[in-house]
Each structure stands twice: as structure tokens, then as C-alpha cells.
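> This is what each chain is made of:
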Amino acid sequence: NAGVTQTPKFQVLKTGQSMTLQCAQDMNHEYMSWYRQDPGMGLRLIHYSVGAGITDQGEVPNGYNVSRSTTEDFPLRLLSAAPSQTSVYFCASSYSYGRTPGVHTQYFGPGTRLTVL
Amino acid sequence: AQKITQTQPGMFVQEKEAVTLDCTYDTSDQSYGLFWYKQPSSGEMIFLIYQGSYDEQNATEGRYSLNFQKARKSANLVISASQLGDSAMYFCAMREGPFGNEKLTFGTGTRLTIIP
Numbered sequence: 415n416a417g418v419t420q421t422p423k424f425q426v427l428k429t430g431q432s433m434t435l436q437c438a439q440d441m442n443h444e445y446m447s448w449y450r451q452d453p454g455m456g457l458r459l460i461h462y463s464v465g466a467g468i469t470d471q472g473e474v475p476n477g478y479n480v481s482r483s484t485t486e487d488f489p490l491r492l493l494s495a496a497p498s499q500t501s502v503y504f505c506a507s508s509y510s511y512g513r514t515p516g517v518h519t520q521y522f523g524p525g526t527r528l529t530v531l
Numbered sequence: 052a053q054k055i056t057q058t059q060p061g062m063f064v065q066e067k068e069a070v071t072l073d074c075t076y077d078t079s080d081q082s083y084g085l086f087w088y089k090q091p092s093s094g095e096m097i098f099l100i101y102q103g104s105y106d107e108q109n110a111t112e113g114r115y116s117l118n119f120q121k122a123r124k125s126a127n128l129v130i131s132a133s134q135l136g137d138s139a140m141y142f143c144a145m146r147e148g149p150f151g152n153e154k155l156t157f158g159t160g161t162r163l164t165i166i167p
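So the protein lines, in turn, are chains L and S.
Quick note on our numbering: the first sequence kicks off at 415 and runs consecutively.
Quick note on our numbering: the second sequence kicks off at 52 and runs consecutively.
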């Protein structure tokens, strides 16, 4: 198993550009999510999905879009990049608590470091 | 109010000593879970240990144990016999609410440095 994969690892954008951060998992996890990590603030939830076709907003969703057409993939779209979106982005996945007893771990991808100039 | 509070921004510990990283949480839910993750300088998030709110025993995973005090709403991570490779950021996180809710709320982290 590759686990959770993210591409690209690094990206530099200019203000106003759009791009998509890719996330894929091969563990058949129902739940997938995107977090951003900023210095001194821990990780904050952007968007999440409890299954294909179902997405919802997290704590800091503004400026980001997601979709989930398959179980495996959960891309994050930046619509019009702003310097405030400079951050490290993590994708995570897990089985859904209650559906798979005893399995509670969320697995994280390696992260994407995004700089918006 | 902060849902997860980690009051130690940084800690320095001598190699081979035990270390306790503090975490307090705030929730009104009866069903919740507490996680600890390690983030080394390479940046990846590594799951260490999990404690469910209904678990009667404290969780243990090798050198890691979770000191769960439900009434005090604390979930401290204890690392026994610390090693140089334990130097990293450590994050406490909480999942709240009913089955199917996997959203995690993270604390701001503690940077642990092990001194040879």
C-alpha cells in the first residue's frame, strides 16, 4: 500500500492563480480531509468528506473547493490564490469510526508546501 | 475557548529520561477520542497513540503511554526512556461527537528536544 499520497510536494503561485492539490489513498477509507498547518497554530480543518459524493466544510473553508468523485481521490482546489494561503497542506484519511470497529487512526500524507507570492 | 490546549511550547529533556507532554481538552460530548501525533523535522505526521472516551484503561504503545484523566479532561503523553530520535513537534488532537464524525481538532503543539 502507498498509503496517502499528495502531489506536488512544493508549489509556488502568484496571487490570483488557481491550482489543484492532489490527494489519493489506496486503503479504501471512507473519510478524507484536508488540513492546513501554519506556524504556531497547529493544524486546521479546511474540508472533509465522509464518502464519494459527500463533502462538507471545516473550520477554514474560504478560498478552497473540494469534490470527491471516487473513494480514492480528494483534490483541493485553490480558486484564486492569496498570500494568506501560504501554508503546508496535509491530506488525511481514515475508516469511519463506528463502521469499522477498533480502527481509529487517521493517516496523513507527506504534505504540500505552498507559497503564494 | 480552545478545545485542545497544549501549554508547553517547548521542552528540553535529557536522553533516557521520561518525559510528559501535557494536553487538556474541552468537550461536552460523551463520545470522543484523543490522539497524539509526532511531527519530525521532515514534516510528516506520525500517529502515536489513541484513547477513546469509554476506554477504561490508559492506552499504551511501546514507549508511549497516554495518561488519561477524564474528570480533569487531560490526556498527557508519556514517553519513557527518551531517545534522540524523539526530538520533534508533538500534537494532541481530539475527535468529538457521534459515530461517523472523524473531524480532528489539534492543539498548537509542543516542540520536544532531547539532549544527549
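Treat the hints as calculated values from the structure; they're not laboratory data.
Ideal Cβ placement from N, Cα and C applies to all residues, glycine included.
A hint or two may mislead.
Said to hold, decoys possible - Computed footprint of chain L on chain S, listed as stretches where at least three residues anywhere in the stretch have a Cβ under 8 Å from a Cβ of chain L:
#1 105-116
#2 122-135
To be verified - Listed next, the in silico SDA-like pairs over lysine to any residue satisfying Cα-Cα at most 25 Å (straight line):
#3 K154(S) / T58(S)
#4 K154(S) / Q431(L)
#5 K428(L) / S483(L)
#6 K154(S) / S481(L)
> Where does the structure disagree with the numbered hints, that is, which hint numbers, in rising order?
1, 2, 4, 5
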